[in-house]
Each structure stands twice: as C-alpha cells, then as structure tokens.
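Asks: What follows is the residue order along each chain.
There are 4 protein chains.
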Amino acid sequence: MKILVLHGSSREEGNTEQLTNLALQGIPHTSIRLREKEIRPIHDQRHDADGFAPVADDYDEVIEAVMAHDFIIFSTPIYWYGMSGYMKNFVDRWSQSLRDKRYSFKESMGQKRAYVITTGGDQPRLKGLPLIQQFQYVLSFVGTTYDGYLIGEGNKPGDILGDKRAIEDAKLLNEWLKSQQ
Amino acid sequence: MKILVLHGSSREEGNTEQLTNLALQGIPHTSIRLREKEIRPIHDQRHDADGFAPVADDYDEVIEAVMAHDFIIFSTPIYWYGMSGYMKNFVDRWSQSLRDKRYSFKESMGQKRAYVITTGGDQPRLKGLPLIQQFQYVLSFVGTTYDGYLIGEGNKPGDILGDKRAIEDAKLLNEWLKSQQ
Amino acid sequence: MKILVLHGSSREEGNTEQLTNLALQGIPHTSIRLREKEIRPIHDQRHDADGFAPVADDYDEVIEAVMAHDFIIFSTPIYWYGMSGYMKNFVDRWSQSLRDKRYSFKESMGQKRAYVITTGGDQPRLKGLPLIQQFQYVLSFVGTTYDGYLIGEGNKPGDILGDKRAIEDAKLLNEWLKSQQ
Amino acid sequence: MKILVLHGSSREEGNTEQLTNLALQGIPHTSIRLREKEIRPIHDQRHDADGFAPVADDYDEVIEAVMAHDFIIFSTPIYWYGMSGYMKNFVDRWSQSLRDKRYSFKESMGQKRAYVITTGGDQPRLKGLPLIQQFQYVLSFVGTTYDGYLIGEGNKPGDILGDKRAIEDAKLLNEWLKSQQ
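Residue numbers (UniProt numbering), protein chains in the order written: chain A, 1 to 181; chain B, 1 to 181; chain C, 1 to 181; chain D, 1 to 181.
Rather than coming from a laboratory, the hints here were simulated on the basis of the structure.
Some clues are possibly wrong.
One copy or two, either will do: identical chains are not told apart, so a pair holds if it fits within one copy or between any two.
List time: in silico DSSO-like cross-link candidates among lysine-lysine, alpha-carbon distance up to 27 Å [said to hold, decoys possible]:
no. : residue 1 : residue 2
1   : 112       : 37
2   : 2         : 171
3   : 178       : 164
4   : 156       : 106
5   : 37        : 164
6   : 112       : 178
7   : 112       : 164
8   : 164       : 106
9   : 101       : 156
10  : 101       : 171
11  : 37        : 171
12  : 101       : 178
13  : 2         : 156
14  : 164       : 101
15  : 171       : 106
Just so we're clear, the structure is a prediction, and the values are computed from it rather than from any experiment.
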C-alpha cells in the first residue's frame, strides 16, 4: 500500500505535522507540503465551451502523486474551523481533474482509501466536526474509502505532545497502517 | 447599515452571484469579487518571535472594506462541500488581522452582523450544512452576529432561477435588508 | 401519492403542527399524533436467540400506516436539539420492523419519499441542523428519498405565524406537494 | 468529584455499557439504567396557565440523582443515529425541571461537567457526529461543561472489545477520571 501524505499546514513543525509524523514513524511514505507548491485557486470553467484551460502551476505534479498512491492522508490544521486554504485550493482543483482526459479521476479515486489528521486549538474534537463531515462528502463524491480521522488539540508548537489521547490514537494508527502494508 | 458583499465565486455570473444580486436588488451596497484580488494563503507566524510579516497583496484592502461596513454577506458557491478556496484564503488571513495593531479586529467584528448565501449542485440543503456550521463557529469566534443563511440549488449557469424556494428566500431577505436600513 | 403526517409534538396546536397544517392545506392526507398513541421505547433484542418479542402497544398500527403511504412527513418540534422523544421512540422501533417477517421493511421504505418539518425556539436554523443530518442518515439507511426539510422559528403558541420565511416555505411546499399528486 | 452514569441502552451487557464500565473501572460512581425506570415522554405545558402538571413516574428520582452529582456520563448506544429513546425521553423532561421551583436547574447544571460515551454499528465515528453535536447544544444550553466524548464501534454483544481505539480511549478516560478525583 503506497501512502501519500498531503500536508496542508502553513508553518514548519506545526502540531499537525508532528502528529502525522508520529502516525507514520517507520512507515515508508511520500510526503508533500502544499505550502511549498504553487497551486492557484480554481477558475470554474466547467460550463465554458472549451472547458478548463491549463494552469501553469504545481497542481498537476501533486495530483499525479495522488494518482500514483493508494492511501492518502490529508493532514491539515484546523484553520477557522475548516481545512487550510492551501488544502482547499488543492481540493477545489479536483473539479478540473474530473474533466481531465489524462485520468479517469473518479475511477482512480474510487480505488483509494483516505485518512484525515487534524489539530486545532479551540475544542477541536467538537468544533472540528464540520471539517470531518466535509471530508465525508468530498471522499464519498469521488468514491474514496474514508478509513477514519484523528483529531488532536494544540495551539503553540509542541502542544500536541501533551494531548495523550491524540498521541495514543497516532500510535494505534501507526500499528494499523503497518498491518495494512 | 452599510452592506458589504464578498463574492467567493471563481466565475462570472455564477448562480451564487445571481442569487445574491437578487437579494440585494435596490439596496445600496459595496461589492468585492475575491477572484479579482490577489490574496495569498496565510503563513501562520502566530508563534514567531516577530509575529506576522506584512504580505504585499490585496488582503489589507479587502479587510479594510470589512472594517468599514456593518453587515457582511459571505456569498460563496459550495465547492467540494465547503466555501471556495478564494474565500477560505481570505478568512484564514483573519489570524493575521487578529494580531494587527492597526485594528481592534475582534472588537470591530463583534459589532457587525453577517449572512451567508451559497449555492451548490449536489443536494446543497443537506450537504452544504457543514459549511453553514463552519460559519457558525467562525462568526462566533469573532463575535459577529450570524443573522442567517440562504442555500440555493444550481449547477449550470442560470439554474438558480429554477429554484423557486431560493428565489423566494432571496426576496424575503431583500425585504428584510430594506427594513434594516 | 398517499401522504402520511406523523406529528411528534407533545402539545395541542403547537407551532410545528400549525406549520405542517399550512403546508398541507387542501391536500388529502392521513395524520397521526404520536402523543395519542402508546409506543414503548425499543427493547433491543436483535441478538437474542428468539429475536424481538411482540409488544402490546400501538406501534404496529402506526408502522402499518407508514407501510400504506408513499410520502411520509416527519413533523416534530425541536426538543433539546433533536426530534421529540415521542418520535424517537417510534423510530427506534424500526429495528424491530427490520426483522419483522410480515414486512419487507427496507424494501418498502426504499420506495417511499420523506420530508421533515420542524420548529424550535433557539436559533433553529442553526441548532436544528444535527436533527436534519440525523434524518439524512436515518432515511438513507432504509433507502427513503429525503425530499427536503422546512425549519421554522417559534416558542410560544402562534409564534410561527410571525416567521415569514417559514410561512413562505410552507406555501411553496404546499404547491409542490400538489404538483406531485 | 461525584460521578453519575446514565445508561441509555435498552439491553443487558450491550457494547456501550461494557465500554463505559471499562472507563469507570476502579472508580466509585453511581449508575442508573434508564430502561429500569419509567420515564414518560414530556407533555409540553410550558405555555399552559398552570405550567407543568406533576407526573407520577421515576423522572424525579433520576433528576435528583443528577442534581446530587458533579460529573454526568451520558452513556447511550447510537440508535438510528441519535441517543436512545430512553435517554431522549429523559432529556426532554428537563424542560419541566427548568421550571421546577424545587431546583435552580440551570444554575446547578452550570456547575457540572459531562461526558458522552456511545457506540454504534454503522460508521459511528462519522454517523454518530450529529449526536455529539446535539449534546454540545444541550449541554451548552444548561451551561454544563462538555469534557468530551468517546465513540466505539460494535454491533453484536462483545464487539466493542475488538475496537482497539475505543478500548484505548476508555483507558485514558479512566486515568483522567482518576486524576480528577
């Protein structure tokens, strides 16, 4: 099972990345930091006569990495009770891939599995739930299996290490991912 | 009551804009299309020694418009069961304004009211609910009164005119906005 | 299209019933007030050797009415941010019907359509959303088409008449139901 | 800290009770099985001239137990994507206690803390979220601190022991409860 982690955080060594790294300790995987890529917000041309015009940015490179893996981990901090703008810009562009003749996007996504890892500072296990539900609809739309999610609490860098439950959940996820290899 | 509309759509004359325009017919307001602005995703520097570095883009101009109005309408299509990346990039940057000494951001936002107008193609009145709930947390965090929301159904340009309920809701919103002037 | 209304309210002439009656004005339908029936909470015997024991109450009568209609309107006030206990007791008992050899419960429900009408006093259009989402899962589990929902605001008897939007929505629902006859 | 567990399950030795018992191992607490009490659905008389008429059932006994404890654990299986009818009937009756002169209900509840433990068979960590959100509104209305929730997966009796994550979460909750004594 080839694992890809998409990091949506905007800072180095944030809590979400730390938690995700714990979950992946000792597990081979590819890792992409969306903040290091240039991905433009979508220009919705679904209904234009010529469809979507190509965009000269890094989106293709990232979506090709998605296509080439079996298990996608969406690792995003909770920014304003949703996924980060970096990640949202990326997901919005899927509308383009849905119509891209180079892929059978939905068919490919339908064979993949996914997991969401997120952290936040303001009651994330309650106020992060709209984000969890949004991913439910997103993944269901493309047919990807939603294997679960992990929510941690943290604000300042390193806080996450004090969230015992998140740490424990990350360990169990680590074991489970190893068992799926 | 000074009204500002923030349009999050990425295309001209989309259903969300049409519905919003109906709701605002005959009502003086300022209108900003986020797609015509350059707003970078946030770089989270909350915990950096020097705090946020200034960003040379159009964010300041837009947030100053927000500061200068009393009633903010967030008009965004449902993209992948959430607000558009354009709008998310904008809202994410509020973290910067919260620490910006030029404003008392939270205090100002706490005196404003807001409304959400959104449309989508895939059962928006059900699958748009995480977006509605996300705005509930966003607005509650800054203390803005959440006066309500309006959800319409549409996919192809113009579809919205066939959604009688959305049209009726927009008319009532129009009357109500006029009564608040 | 044979319409059944299940009233979950516990009082006479409550706002939810009033709103529902508006939506059904001039439309033939059957109406059941759950408060006038004795329906015991479920005793979960799914995993008992002999399965569910028959219960001597009015459940059978009500579920047979459901079986005999095509369009079910769940009309419940928002009690503590969920459907009323009367309605919950009734829905819980579906677990029994799922295993009842007299019906092909899921198959029958899969051919029906449903609508939810609800009112509440504390920001019902926001805080009633978990109830709307719960019905989404409930109806989806049995395959019933979820045609929509209508939320009104009201506390004291008669309040609902002051909620213009709910009244307008009820009128549109009335027209739509007539068009489906 | 005096702990009260309210069991909402309708069967002996169900998964929810098992999980709750794990979380409480070695911790003194009071335990009430709502299925062993007779609690009538509410009759909404908030707006009657004479207010609520007394009801001759076991509600008073249970709500007095709530009043006498500091930490309330709502332990309910997910029945049809919500709390069980037993528990809903009980919570609905709080409307009566809010107006009961024997208690300062809201004031008392405002000094308590609460936790939700739930299990279900159909993707409970996703489809149980409306239940989690409903409790958020319920507890917030009466001012009770919502210390968290624990969701387990199980269908047949004993299934829960196979849900490693729930077991681990229950152990952490156990440690935490002990630390709060």
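Asks: Work down the list of hints and note, for each, if the structure agrees.
Replies: Evaluation of the provided hints:
For the identical chains of this complex, residue 112 and residue 37 are intra-copy neighbours only, at 23 Å inside a copy versus 36 Å across copies, given an alpha-carbon limit of 27 Å. Taking CA atoms no more than 27 Å apart as the test, residue 2 paired with residue 171 passes inside one copy only; the shortest distance there is 19 Å, against 32 Å between copies. In this assembly of identical chains, residue 178 and residue 164 lie within 27 Å of each other by CA distance both inside one copy and across copies; the values are 21 Å within and 15 Å between. Proximity of residue 156 and residue 106 under a CA criterion of 27 Å is satisfied inter-copy only: 20 Å between copies versus 38 Å inside one chain copy.
With identical chains, the CA atoms of residue 37 and residue 164 are never at most 27 Å apart, being 32 Å at best within one copy and 37 Å at best between copies. Taking identical chains as interchangeable, the C-alpha atoms of residue 112 and residue 178 lie at most 27 Å apart only when both belong to the same chain, with a minimum of 17 Å there against 42 Å between chains. Taking identical chains as interchangeable, the C-alpha atoms of residue 112 and residue 164 lie at most 27 Å apart only when they sit on different chains, with a minimum of 24 Å there against 30 Å within one chain. Within a single copy, residue 164 and residue 106 get their C-alpha atoms no closer than 37 Å, and across copies no closer than 32 Å, so neither meets the 27 Å cut-off.
Proximity of residue 101 and residue 156 under a CA criterion of 27 Å is satisfied inter-copy only: 21 Å between copies versus 44 Å inside one chain copy. Taking the shortest Cα distances, residue 101 and residue 171 never come within 27 Å of each other, neither inside one copy (40 Å) nor across copies (42 Å). Neither within a single protomer nor between protomers do residue 37 and residue 171 lie at most 27 Å apart by alpha-carbon distance, with minima of 29 Å and 41 Å respectively. Taking the shortest Cα distances, residue 101 and residue 178 never come within 27 Å of each other, neither inside one copy (35 Å) nor across copies (44 Å).
In the homo-oligomer, the alpha carbons of residue 2 and residue 156 never lie at most 27 Å apart, since the shortest distance is 32 Å inside one protomer and 33 Å across protomers. In this homomeric assembly, residue 164 and residue 101 never come within 27 Å of each other (Cα to Cα): the closest approach is 46 Å inside a single copy and 36 Å across copies. Proximity of residue 171 and residue 106 under a CA criterion of 27 Å is satisfied in neither setting, with 31 Å inside one chain copy and 38 Å between copies.
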